[in-house]
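Undergrad: Quick note, the sequences are listed as chains A and B, same order. Each residue of the first sequence is one higher than the one before, counting from 229 in my numbering. Each residue of the second sequence is one higher than the one before, counting from 1470 in my numbering.
Take the hints with a grain of salt, since some may be wrong.
Now the in silico label distances, taken between C-beta atoms and shown as ranges [unchecked claim]: (1) B:M1538 <-> A:S298: 31 to 41 angstroms; (2) A:E345 <-> B:A1903: 33 to 43 angstroms; (3) A:S358 <-> B:R1878: 40 to 50 angstroms.
One-sided and incomplete, this derived list gives chain A residues near chain B with beta-carbon spacing under 8 angstroms [claimed, not checked]: (4) C272; (5) S298; (6) I302; (7) E303; (8) L324; (9) V352; (10) R354; (11) R363; (12) A369.
Now the stretches of chain B that chain A is said to cover, found in silico as 3 or more residues with beta-carbon under 8 angstroms [unchecked claim]: (13) 1676-1688; (14) 1785-1794; (15) 1953-1959; (16) 2105-2119.
Hints listed in this document are in silico derivations from the structure and should not be mistaken for laboratory results. Note that the coordinates shown come from a computational prediction; the quantities given were computed from them, not determined experimentally. Cβ atoms here follow ideal geometry from the backbone N, Cα and C, with glycine treated the same way.
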Amino acid sequence: MLIETTVNGVPRTLEVEPHELLLDVLRDRLGLTGAKRSCDVQVCGTCTVLIDGKPVSACTTLAHEARGRSVLTIEGLAELPSFARLEETFSRHLALQCGYCTPGMALTVTSLLEAGELSDDEEVVRHALSGNVCRCTGYRAIIDAVRELAR
Amino acid sequence: MTTTPAHPRETGSALGHSVPRKDAAEKLRGRVRYVGDTDVPGMLHGKVLRSEIPAGRIRSIDATAAEAMPGVRCVLVGTDLLDIDPYYGHAIRDRPIIAIDRVRFAGEPVAVVAAETEEQAEAAVRAIRVEYEPTADVDLDAAIAADAPLVHDEPARGGAFHGLGNLPERMGNVCYRYELEWGDIDAAFAAADVVVEGTYDFGSAYQYSMETHACIAQVEGDEITMWANCQHPFLVRAEMAAVFGVPLGNVRIIVPFLGGGFGSKSYTRLEPLTIAVARKAGRPVRVVNRVDEAILTSRQHGARIHLRTAARSDGTLLARQAICLFDTGAYADNGPRVVATAGDSAPGPYRWEAATVVADCVYTNTSPAGSYRAFGAVQQQWAGELQVDEIARRIGMDPLEIRRKNLLRPGEDIRPGGKPLDADLVGDIEKVAANLGWGSAREEWVGRGLSVGVLAAGAHPVSCATVRLEADGHVTVNCGTTEVGQGARTVMPQIAAEVLGLSVDVVRMGGTDTRFTPYDRSTGASRSTTVAGLAVQRAAEDLRRQLEEIGGGEADPADYRALMQEHFGFTGGELIGRADVHPEGSGSYAEGPVFWEVCVAAAEVEVDPDTGVVRARRTATCADVGRAINPAFVERQDEGATMQGLGTGLFEEVLFEGGRLATETLLDYRVPTTLDVPAEMSCVIVENADGPGPFGAKGCGEGALAAVAGAMATALADAGVPMNQMPLTPERVWRRIQMRNDADPEV
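Construct all of the structure, not just a fragment, from the sequences and the given hints.
TA: Take a look at the structure:
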């Protein structure tokens, strides 16, 4: 099926299979490998991308669900001026190690910050990030970085 | 190219600062290409057909339909491997590249399809027909029974890198036994006022590095090139050279960033299977594991520990006896080393008059268990520490006091013939106890626990490094340690910058390519900073000596470029410092380890008696690192290990049903999230400059896992729920509370 969508601000017309996953289209066809594959069951959050500003797991989203909508991946987010503050804050807090979960984490945080759903409150931040697994850092530094960003 | 004239450090030391990660920007921006993100021209996709039964003979494999499917290039089966010696295994060479004639666990690779797309390869895998003749499968209980069916009946062959001396002949399904003995154990038990005895079952966890195993292999004649996410590329290279019968230098492994490892990518994983299918296909092939396949590729050893501890009524610990069974699954993998390390951890770092340890590595028909952070120590420490606390409870002594009284002091023997204790354990446990507010009042169903142990760390101390000064004054560190997330590509430049008096900004380190990068044994056993870092320090010193020779005396970092200009007569050339680290003694396991990593923690937990749910409220760990090259990295290591220890202690468990993996996804296998983080998580960094690494440093990052898992158990026992099964899942804890209530309704 032919769909029209926007990926990182660029209009795209794509021929996709009805069962094709958004993650495969982004990674294999558009070369946007910043979205990572891991759990395949919408638990780990490492495949997170934004559709119309809202975080989704691309591993369990069909490509055609992006029809007529706007997809933002880490490659697009990193080009936006607003990214600099997140980048600096995560780096300063050392809120990343192996980096595999980091793009998904950055997209989730950006979306929730823009929606005004984050605050300096520890519990708010913990609940907001509970869909993004990080196996390296122990989360403490990530929570601290996000609380600072939400201030 | 930058044209700044010189790059001396402005002030102070390059060490002891939390220098930001050099790879932060590329990781945050999603620009890092892990192996699974990498394409090679002409590359096919490989998918693996795995055995559906835990044990049996393969009667036939019919791949004709699969081979005829669209996009399919070839199907690899066991009979394709008859021109080579297709067995690998660094400890025991017991594992075929894919199953040959028989299968030993459900999930064992039986065939591999190479096709133009992943989808085509998956479809073809489903079209392969395999006829099995099932045979009896064994779990740990069945495997050690008299006349148990043997998981392996072929003669045992030692692998190249077990590092444990001559491996003994198998005893039934026991493929390796580690024994320790000192003092008169019978006399010590006879002299005891208190004896505690129990059997403890430790479940198997899964490392879950978020990036699963991935490998691309390309075979051209007798040249093998791989892009692989292995922690130990030089050991994999040697194993693959032996299996495929080519010289070492013909095997080239390129290792980019790893998306975590934690031991799951230690030693050889997907590499032989990927090379074999690429060899048959005549084109490069990429194989990437799904999570369920990753669990089947490597997991933690489950264990059963029978333990006895003897003490005097004044709190003097006298003797300990440990009989340990480790379930290594269908292939030995790193089991022998896990078991040896566990044997070293089994007594616990106390001043025993006598101790005996017998630790067995047992084959079963389940997926192979290998390395997971703090292996050996994590299976033992909780059990030993529960018994220390039980003794303290019976004689009315405080748990901190009994440890203070009996813990070994620096210089005392952990075991006869090995390296003496090189850490201040009493100081360490006092620090974590203080951080937890030890001794203050606590509510009902809240408990506090301590946990102390040591872990044989450093593996075999062999690392080489070069430090290369370019004509523009920039420096490249070449060192084969893998960047798994620990921060090696920032810490190694810090070490070189310190020696050379340069700013860390002008020193870089890239990934490993075994064709060019100097040899490093492995990235694990907390050895990167300690062993590879020492090689980098020495290589940087060698470079500095060369500069001093050129300058005829002191070499000021501001003059490096001028010295090079003078030496080479133009703006070019390069100076390369080189060095290695090798064992000072024989390098044998008995003489080791390189250092004893401390496993020290305290925790406060609360248990809900109605549901059995245990939550960690506070944790305190101690990173006794000798010298913190980068303090924030040290903290992050401890915090990450804390959460893995919490998961291992409370809920992470790989389960099998009827010999088949039951926890196939992260829905069944839960890992800690932000909601599990203790409200307070503290890490004390101890710097006594007592490590064998650069500037007195020694490794960290594993000890906290074993310590925190242990502290979950000791804290829960303090809350009134002593458990002899780990993880401390709600169901088990709830049942234990019911048993207690049934026994004494007043409690």
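Undergrad: Given I302 of chain A was flagged as interface, is its beta-carbon under 8 angstroms from a beta-carbon of chain B?
TA: Since the shortest Cβ distance to chain B is 3 angstroms, the answer is holds.
Undergrad: Does the nearest C-beta of chain B fall within a distance shorter than 8 angstroms of the C-beta of C272 of chain A?
TA: Holds, because the Cβ-Cβ distance from C272 of chain A to chain B comes to roughly 6 angstroms (cut-off 8 angstroms).
Undergrad: May I ask you to test the interface hint for E303 of chain A with respect to chain B, counting a Cβ-Cβ separation under 8 angstroms as satisfied?
TA: holds (6 angstroms)
Undergrad: Close enough to count: is the Cβ of R363 of chain A nearer than 8 angstroms to one in chain B?
TA: holds (5 angstroms)
Undergrad: Holds or violated: A369 of chain A as interface residue toward chain B, Cβ cutoff 8 angstroms?
TA: The hint holds - A369 of chain A has a Cβ within 8 angstroms of chain B, the shortest such distance being about 6 angstroms.
Undergrad: For the region 1785-1794 of chain B, do three or more residues have a beta carbon lying closer than 8 angstroms to a beta carbon of chain A?
TA: violated (count 0)
Undergrad: Using Cβ atoms only, decide whether L324 of chain A comes closer than 8 angstroms to chain B, and label the hint accordingly.
TA: This interface hint holds because 6 angstroms falls under the 8 angstroms limit.
Undergrad: Are 3 or more residues of the region 1676-1688 of chain B near chain A, judged by a Cβ distance of less than 8 angstroms?
TA: holds (count 5)
Undergrad: With a cut-off of 8 angstroms between beta carbons, are at least three residues of the region 1953-1959 of chain B near chain A?
TA: Our answer is that it holds, as 4 residues pass the Cβ test (under 8 angstroms) against chain A, meeting three.
Undergrad: Return the status of the interface hint for R354 of chain A: holds when the least beta-carbon distance to chain B is below 8 angstroms, violated otherwise.
TA: Holds, because the Cβ-Cβ distance from R354 of chain A to chain B comes to roughly 4 angstroms (cut-off 8 angstroms).
Undergrad: With a cut-off of 8 angstroms between beta carbons, are at least three residues of the region 2105-2119 of chain B near chain A?
TA: The restraint on the region 2105-2119 of chain B holds, since 8 of its residues have a Cβ under 8 angstroms from chain A and three suffice.
Undergrad: At a threshold of 8 angstroms, is the proposed contact between V352 of chain A and chain B supported by beta-carbon distances?
TA: violated (11 angstroms)
The structure fails to meet hints 5, 9 and 14 from the earlier list, while all remaining hints are met.
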